[in-house]
Structure formats: structure tokens, C-alpha cells
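2 protein chains.
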Amino acid sequence: MFKQCLPFLDWTGAYNRNTLTNDLVAAVIVTVMLIPQSLAYALLAGLPAEVGLYASILPLVAYALFGTSRTLAVGPVAVVSLMTAAALGNLGLQTSAEYLAAAITLAFLSGVMLLLMGVFRLGLCANFLSHPVISGFITASGILIAANQLKHILGVEVHGNYLVDITHSLWQQRETTNLITLALGVTTMAFLFWVKNNLKPMLQRFGMSPHLAGIVAKTGPILAVMITILITWGFDLVLIGVKVVGEVPTGLPSLSLPVWDLDLWKQLLTSALLISIVGFVESVSVAQTLAAKRRQRITPNQELIGLGTANIAASLSGGFPVTGGFSRSVVNFEAGAETPAAGAFTAVGIALAALFITPLIFFLPQATLAATIIVAVLSLVNLGVIRRTWNYSKSDFAAMFVTIVLTLLVGVELGITAGVILSIMLHLYRTSRPHSALVGRVPGTEHFRNVDRHDVETDVGIITLRVDESLYFANARYLEDRVYDLVMLNQQARHVVLMCPAVNLIDASALESLETINRRLSDSGVRLHLSEVKGPVMDQLKRSHFLDELSGHVFLSQFDAWTKLHGTVPL
Amino acid sequence: MFKQCLPFLDWTGAYNRNTLTNDLVAAVIVTVMLIPQSLAYALLAGLPAEVGLYASILPLVAYALFGTSRTLAVGPVAVVSLMTAAALGNLGLQTSAEYLAAAITLAFLSGVMLLLMGVFRLGLCANFLSHPVISGFITASGILIAANQLKHILGVEVHGNYLVDITHSLWQQRETTNLITLALGVTTMAFLFWVKNNLKPMLQRFGMSPHLAGIVAKTGPILAVMITILITWGFDLVLIGVKVVGEVPTGLPSLSLPVWDLDLWKQLLTSALLISIVGFVESVSVAQTLAAKRRQRITPNQELIGLGTANIAASLSGGFPVTGGFSRSVVNFEAGAETPAAGAFTAVGIALAALFITPLIFFLPQATLAATIIVAVLSLVNLGVIRRTWNYSKSDFAAMFVTIVLTLLVGVELGITAGVILSIMLHLYRTSRPHSALVGRVPGTEHFRNVDRHDVETDVGIITLRVDESLYFANARYLEDRVYDLVMLNQQARHVVLMCPAVNLIDASALESLETINRRLSDSGVRLHLSEVKGPVMDQLKRSHFLDELSGHVFLSQFDAWTKLHGTVPL
Chain A
470 MFKQCLPFLD WTGAYNRNTL TNDLVAAVIV TVMLIPQSLA YALLAGLPAE VGLYASILPL
530 VAYALFGTSR TLAVGPVAVV SLMTAAALGN LGLQTSAEYL AAAITLAFLS GVMLLLMGVF
590 RLGLCANFLS HPVISGFITA SGILIAANQL KHILGVEVHG NYLVDITHSL WQQRETTNLI
650 TLALGVTTMA FLFWVKNNLK PMLQRFGMSP HLAGIVAKTG PILAVMITIL ITWGFDLVLI
710 GVKVVGEVPT GLPSLSLPVW DLDLWKQLLT SALLISIVGF VESVSVAQTL AAKRRQRITP
770 NQELIGLGTA NIAASLSGGF PVTGGFSRSV VNFEAGAETP AAGAFTAVGI ALAALFITPL
830 IFFLPQATLA ATIIVAVLSL VNLGVIRRTW NYSKSDFAAM FVTIVLTLLV GVELGITAGV
890 ILSIMLHLYR TSRPHSALVG RVPGTEHFRN VDRHDVETDV GIITLRVDES LYFANARYLE
950 DRVYDLVMLN QQARHVVLMC PAVNLIDASA LESLETINRR LSDSGVRLHL SEVKGPVMDQ
1010 LKRSHFLDEL SGHVFLSQFD AWTKLHGTVP L
Chain B
470 MFKQCLPFLD WTGAYNRNTL TNDLVAAVIV TVMLIPQSLA YALLAGLPAE VGLYASILPL
530 VAYALFGTSR TLAVGPVAVV SLMTAAALGN LGLQTSAEYL AAAITLAFLS GVMLLLMGVF
590 RLGLCANFLS HPVISGFITA SGILIAANQL KHILGVEVHG NYLVDITHSL WQQRETTNLI
650 TLALGVTTMA FLFWVKNNLK PMLQRFGMSP HLAGIVAKTG PILAVMITIL ITWGFDLVLI
710 GVKVVGEVPT GLPSLSLPVW DLDLWKQLLT SALLISIVGF VESVSVAQTL AAKRRQRITP
770 NQELIGLGTA NIAASLSGGF PVTGGFSRSV VNFEAGAETP AAGAFTAVGI ALAALFITPL
830 IFFLPQATLA ATIIVAVLSL VNLGVIRRTW NYSKSDFAAM FVTIVLTLLV GVELGITAGV
890 ILSIMLHLYR TSRPHSALVG RVPGTEHFRN VDRHDVETDV GIITLRVDES LYFANARYLE
950 DRVYDLVMLN QQARHVVLMC PAVNLIDASA LESLETINRR LSDSGVRLHL SEVKGPVMDQ
1010 LKRSHFLDEL SGHVFLSQFD AWTKLHGTVP L
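Protein chains in written order, with the working numbering: chain A, 470 to 1040; chain B, 470 to 1040.
For reference, chain A alone in the conformation it holds in the complex (with noise of 0.2 Å):
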């Protein structure tokens, strides 16, 4: 139990100078990845860059504490950044001091959220984001996150949280359009579209081993940031209009506290709980994925521990919402981390940067981060999984669509609640009509089978049905209607035999409606038999009056029924 609380406890016993290392050398990399990320991911969100370093520090330590996948690298992430200035703009709030304030209250209510539903085991939760909308959501917001940054590679001045308005003030806006930075952020852009598609076996090429040209090859947004900062610096750019990072405080986070204000909790409280949750699904499937490729094992609701008490963290050192992240984490698993110490190390690694690099980075033009975001988040749009979506099930097309639309034309946290719903219902919906299958005895043997399908026995006084679902408040009335409709068509009958093996539960509103049946059958002369139910639900019907009530049998196997039912009935 306490080993279960403090997964640490699990790898720090055989912590050796190999294991040492090998963290060692993955947390340099993953650092000299996150820099450039961090930086940026905190301008998406609206904040100042430095921000993003911050939380980068004790996030990463509180993961390695209370996590348990061995390898996720965590800090801010693209789709919560965007989620984050989506829920802070909906504040109108006037100072910048008080934006970064209630980030920090956000991060904090994430955290808490997902450290009660870590303590409450509701890591289930996550299961009302199906597939579609996850995957819909996030190519969205790719979408709506790489149309944002636009202004920075063309130097203009856009406001907008929607594909619409900001399109529309990028067009408006497009005289004023600053031509250094436009060429800038372009050839920073195809820069690493080229780094990203064509660095890694070129350099395979000069015999570089696949495994360490894979993980140079991500260095690339380093690179793209080294670069133009010197060529920002060199032609003296910034007097010709290309904006900059400009001044960054140096040195660490001081303490910081969320701001104590119900008003603002309220406010705050929806979007804490979308960027919760989305940011535990992106988090876990990632974590998953990793532990399988080791035959590891991690534990979801450990996991929301975890990201709890990272986000916590990160609201007490003056950060913003965090999460796992995808590329960083797996360039940390290629890279040999084999210890939650790694990230540990890459803590020690971005709190040397925040002490010694910022002055370094006053010259960063501002496209050079926009482009390492935009070629980022690209890599989130998946067009082909609409498609495959389409083609698989319109269903679950319709949830995914849904979500896309909203998502771009109404905002983030609309987009991802009416995805939510729309799958929900239309699950229930198409859960509603239970399949159930008219049953005739197969000749000569014990078996029974769908009457359509198979030359099979039939008695015209008995209508067998078997139901192949569960029965619970979405299908029971289909079932009454479907009763009603077979003793209707055929007036002779006198039984009605339900042949349950594949009913897994019968809730309380289908038992009503096998309770109405009964009653209503009896009043029309025709009895209503049970056969083949599951030891479960038999149990469960017992401790209702059900059983007392019917006007038939429950019988252990439909051949029993039909041993006692079949030539009853005068013709």
C-alpha cells in the first residue's frame, strides 16, 4: 500500500551508476528539447516565457515522486496551453499580473481536481472522452493553435480565440504584414520541416547509427532558436520591427499561491476540469504506450496522483496547467531514461537555464518559437483518422465531426462538452434496440436457433425470443414493444418464453418493464417464462418480488422449456 502511494520506492532500490547515466544522458536531451518548447508553449497560453521554464522545474520532480510510468516527461503541452488561454480569456481580465495569477489558480484547481480523482479512483472518467472526440478535439486544436501563431510568423497584431475572427483579422491585417519576420519565420519553418522529415537519415546516410541520428535529429528547434537569435542580434534586427522575447527575469520561481477567490474558482472550475481530464487521456496513452514497449506497467489512477501533485507544483512555483507530453516523451525513452529520475534531472537541467540562459534569449525573435509551435502541433492534425473514422462508422463520425466544428468555431471547452454529450447519446441510442432473435429448436437436438436463419422447430403457442443484450433503461422499453408486437401477431400464442444467456444485467427500469410485461400478458391470457439466466442476475431478481409475480417459470435451459411447453396449446 505505502509502495503503491510512493511508486519511487519501486526503482530507487536498484538505482545504480548504469541507471545513473543512462537518466543522466537522456535528461540533457530532453532539456535541450524542452527549452525552446517550454518558452513557446507559455506565449500560446498567453503568459510570459519565462513561465514556461517554471513549470518545468518542480512539476517535473513531483512526476518522478508520485508517477508511475518510468519514462513520461512532463510540462506544458500544446492543446492544454491553448486550453489554458482559451479558459483565461474568457476572464476578461485587465492586467497581466492578474492573468498570470489566475493561471496559477488554474494550474492549482487542475491539480487538486486530478489528485481527488486519483484518491477517489475515478480514473474511469476518462472513458466518457471517446476516440472520435479525443482525436477530433486535438486535430482542432492543432488547427486553431498553428492559425493562432500565424501572427507571429507575419509580425501583425491579431486578437481572436476562434478560426473565424482570427482569420478574418489576419486578412484584415495583411498590409501591415512585417516582411523580415514573414521570411524569418518561414525559412525557420521549412528549416525544421526539413530537420523533422530529412535530418535523420541523411545523417544515417554519414553512418550515424539510426538511434543517436533519431534523437539528433530533434534538436532542431535548439538549433532554429540558436541561429536566429544570432542573426536576430547580428543584423540588429529588432530596429526594423522583428519582435523579440525581449527582457527575461533570471533566476528562479519564488513561492507562489493561488489566488483565494470563490468567484474566480467558479470560473475557473469547467475549464479546471476539461483541461483535467483532457490533459490525464493525452498523458496516460502516452505513459501507456511506453511501459508496453518495456512490458512495464502503469496504474491510471496513480497516474492522476501524479499529474495532481505536478500541477500543484506547479501553481506553487509560479507555472501554468502541465501535462505529458508526447514528443518529449518519447525522445526521453529513445534517449535511454530508464528512472522517473531522469525527469529529476531535466528539473536540475531547465532551473540551470532559468538561472543562466534567459539574458542569452532577449534577442529570440517571437516566429522563431511560433514556427517550432506551428511544425509542432501540424504533427497533431490527423486528416486520415476522419477519413478512416467516415468509412468506419458514421456514428462515431458524427461525434468527431461535431467536435471538430464547435471546436474551431466556437472555442475549445464548447467543442469538448458537446463531443462528450453527442457520443453519449448516440451510444444510447444505438444501444436502445437490444438484438434479440426469434428461437426455434434445431430437430433432434438440445439447440435452438434464429428462426429466419435455420430450418428449425417452431410451437405455435409459444413465442421464444432471445435477447442478446443486457437490458437497462435505454432498451427496456424496446423490449416491451417488441413483446406486445409478436403476442399481437400471433393471437394463439399462450407463452412467452425470454431466453437470457447473453443478459449480463437487468436494472431496475427493465425489471419494471419485465414486471409491466408479465401484468400485461397475464391480463391477455398468455404467461411469460424466463430460461437460461445468468446466476448473477438471477440473484439480483430474487431480492425483488419479480419472481413471486410471474405467471410462468424460470426454466435452467430453453430445452427444458420447451420440454414443458411444447404441445400444451390446443391448435
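Careful, some of the hints might be misleading.
[Said to hold, decoys possible] With a straight-line Cα cutoff of 25 Å, these simulated BS3-like cross-link-like pairs (lysine-lysine) come out:
1) A:LYS665 <-> A:LYS735
2) B:LYS669 <-> B:LYS762
3) B:LYS863 <-> A:LYS1003
4) A:LYS863 <-> B:LYS1011
5) A:LYS1011 <-> B:LYS863
6) A:LYS1003 <-> B:LYS1003
7) A:LYS620 <-> A:LYS762
[Claimed, not checked] Sample of chain B residues with no beta-carbon within 12 Å of chain A, all distances over it, derived:
8) THR481
9) GLY482
10) ARG486
11) ASP634
12) LEU639
13) ALA686
14) ILE691
15) GLY715
16) LEU883
17) ILE890
18) ILE893
19) HIS1022
[Claimed, not checked] Now the in silico label distances, taken between C-beta atoms and shown as ranges:
20) B:GLY994 <-> A:THR914: 38 to 46 Å
21) B:THR927 <-> A:MET1007: 27 to 35 Å
22) A:HIS916 <-> B:THR927: 23 to 31 Å
23) A:HIS916 <-> B:LYS1011: 25 to 33 Å
What the hints contain is simulated information worked out from the structure, not anything from laboratory work.
In this text, a Cβ means the ideal position worked out from N, Cα and C, and glycines have one as well.
We have chain A already, so just place chain B on it with the hints.
Chain B alone, transformed into the frame defined by chain A:
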């Protein structure tokens, strides 16, 4: 098709003198019963008494034309009237003219919604209301209505919509109780309870047929009305503070139209939806009960159209929302009504009442109407069902309990909405762990059974998991976890076989989980196979790339899988 939309064509052909007599007799009895009910429910909804009569004329004709039940009697009912009061109370209207106009608009919106749901065949929407939620809601509404009517029995002024403020206000006003009113109200209630419970057996003892005695016993309310009118008039009770219905305009309703005000529509939309669905569910369940007794059929989607036109008719003739009522439909049925013509004749009866008897009800005490309501709604309060649900299923009980408590404490609309949401969440939660079992071969046969319950043959290199439910987003991740756990626990396994004889559906989320399982197992050197996949599921899987990527095979039978894989893994 034509006949389906105009169900009255079904019975008008065979209409004869005998049917006419039966329908006329039933209509007279229902009219007598409906007059006090209409007046009382209009007052409950906060409207002038005559509006209740108006809502019992044209709507009955509309339902007779478009409804499918032969014996359903529509008109104002208790729960819908309470919901009307709650919806209109929220608006904060100043004048009673505005209030009436809003009630007419509410009936119109509800009618249009019902009509549209019928046209688009959305009768299934009613399935989202589980039985425990509905019965909890009706019980709570009954209590709320009874509490609300106590003020008329006590003759005090009370405001409030929730149980707490009503009782608090009653307590504060206790000093102003009008003792004559109280005596009148309590006596009337006692009389009505006595009639309800004792009159029928007594009449039978005097030799009356049970059938006739039952019908006479239903005339209690009209007797109470007549007697108390005489007492109030004879003793001039108005002078000593007994409140009466007062002047009621004589004549038929004039044509009315809903208010064309988008803001008002927006405010009433949710209420109209809730009223429509609750009214529909109630009405259909009554109609089905009666239809089953005579082996007749009702069509839920056509019922929506019938109730929709009835509500639109109500809004055009100065009425308020109506639906099929339980007690009056039973009376109609038992009095021998054979066709919906009985409803049309009842409408004529009520029209005559509106034309001629309104002067007679000037002296009708409000306490009498309140007593009628209280006696009627207390039969809705079913505390037994609460205990039965508790015994049967804690999860259904939770949904019911929340519905009751919230309806009483924060109002009907929040109460039922919370109940619906909770019951859906609990259902998803309950099905989020699909039943599954590790299976092995019953030696010497082709059968495979649960390894925990049977003595079966297994192979350490093969994990065979039988999945007993459809796979969809709420349980897809659980399946993933289950498979990874099994593989973790059995490091020698090289094959995982999912046996799917009970899987009726694999949605896009579950498909993605299967793809992920396949990929992750491949990464760790384990192959995934399927067996006994149902035809329709297989057809759907073929529309994806899953089968191409599957590392193993799809076996027609589990025995096939066993034969091919058994013994292939070196120990």
C-alpha cells in the same frame, strides 16, 4: 401511410350504434370527473380556473383525430401543471395577462416539440428517462403539490416553489389560519379518502355490480364540489373569509395565439422540452397499459403527434400544457369507451359546462379543489418503490434518490435533469468494466470454459480471454488494461486470443484500443488473435485497416485457434 398519420380512419369505418352508445356513456362519466380536475389543475398551474376547462375541449378533439390509443383521456394533469407553474414562476412576470400568455406560449412550444419529435420519429428520446428517475420525480412532485395546496386548506397566503420555503412560509402564517376553511378542507379530504377506499365495496355490498360501483366511486370529487358549493352559498361562508373560485367568465374560449417573442421562447425552451418528455412518458405508459388489456396497439411516434397537436390546440384555445392522464383514462376505459370518439364527446361535455355551469361554481371553495388535488396526488407518492429500488440496485436507487431530493429542494426542472444525467453516468460507469473471463478447453471437447470455474486444459504460451460484452468507448480502455495485465503476469505468453462470441458492436474507440493492443503486444513479441467474431462485427472490421495490421489471425472457432496455436510456444 395515409392511414398511419390519421389513425381515426382505423375505427370510423366500423362505427355503429352500439359503439356510439358505449362512447357516449363513457364521455358523460369522464366529463363529470374532468370538470373539478380541470379547474383544480388550472389553479395549481397558477392560472384562472376557466383555463382548465378551455384546455379540456379542443385538445381532446385533436387527440381523438391524431392519437393512436383508443381510450386515453387527455387534458390537464397534476405533474405537468406543477411543471407549468415552475416554468412560469421563473419568468418573474408582473400581470396575470402576461402569465396566461406565457402559459399559452409554453403549450405551443411543447406542442411543436412533440410534433417534431413525432415527425422525426424521436420517440426513443423518452428512453433516456429511466424508471427510477421518473418514479422518483413523480413521487417528489406529488409531495410538492400536496405541500403547495396546503395553503388553500389552511386559508393562508403562501409563496414559494420548493419544499423548504413552502413549509417555512406555512409555519410563519400558522396564526392566520382560517378555521372554517380548514374545517371545510379537512372534511372534504376525509370524504374523498373515504369515497376512494370504502365507497366501492359498500355499494357492492348493497348489490351494485363491481363495475358500476367502481365508476360511481369515481364521482366523489363532483359530489364534494356540489355539496361544498351549497354549504358555502347557504351559510354565506364568503363573508367569514372562505375563499371561493369567484366569477368565472361564461362561454367558449376565444382564439388565442402564442406570444411571438424570441426571448420568451428561449426562456421557456428547456421547460417546454422537459414538460414534453415527462408528459409523453406518462401518457404513453398509461396508453400502453390500457391497450395491452384489449390486445390493441399504440404507436409511440404517432402518440407524439397526437399529443403535439393536442398541445397546439390548447395554445390556440387559451389553454395550457396537457397530456394523457392516468385516473381519467382508466375511468374512460372502465366506463366502456371503445374509440377516441368518446374523447370528442367529452370535449362537447366540457364545452357545455363552460357555456352553462360557470355561474354555478362562483361559490366553489378553493379548499375543495385543493382537497381534490391532494387526494389525487397522494396516490402518486409511492414510497414502496423507493425501498424496492434500494433492495434491487444501489445504483438505480442513487439516481432516484438524487431526483427526489433535488426536486423537493431546488425544483422540478433541476431535479429531473440531474436525475437523467446521473442515471446515464452511472450506467456508463457500470458498463465500463465489461465482463470477461480467461478460458481453457474442456478436455476432449471443442468447448471452452472459464478457468476459475471449470477444470480445463490451458497452454502457458496462450492467453485466451472471452469478452462478454460489446466493446465501446466506456469500456475500451478497461479491455486494454486487462490485456496488458494478463501479459505482464504471464511473461511466457506469445499469443493472446480474444474470443468474441458475445461482442455485438465494436465502436471506433474500441477499434482504436484493439489497434493499440495489437501494436503494443507486437512490440513485446506477442501476437493478437480473434476468434468467433460475429458476422456484422466482422463486416465492420473489414472497413478498417485493423485486419491487415493484426499480428495474428481471426479464427472462426476457438477450437480452430486452439488447434493451430497449442504447443507452438516452446516452454
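> If you check each hint against the structure, which ones fail?
Replying inline: Failing hints, ascending: 1, 7, 17 and 18.
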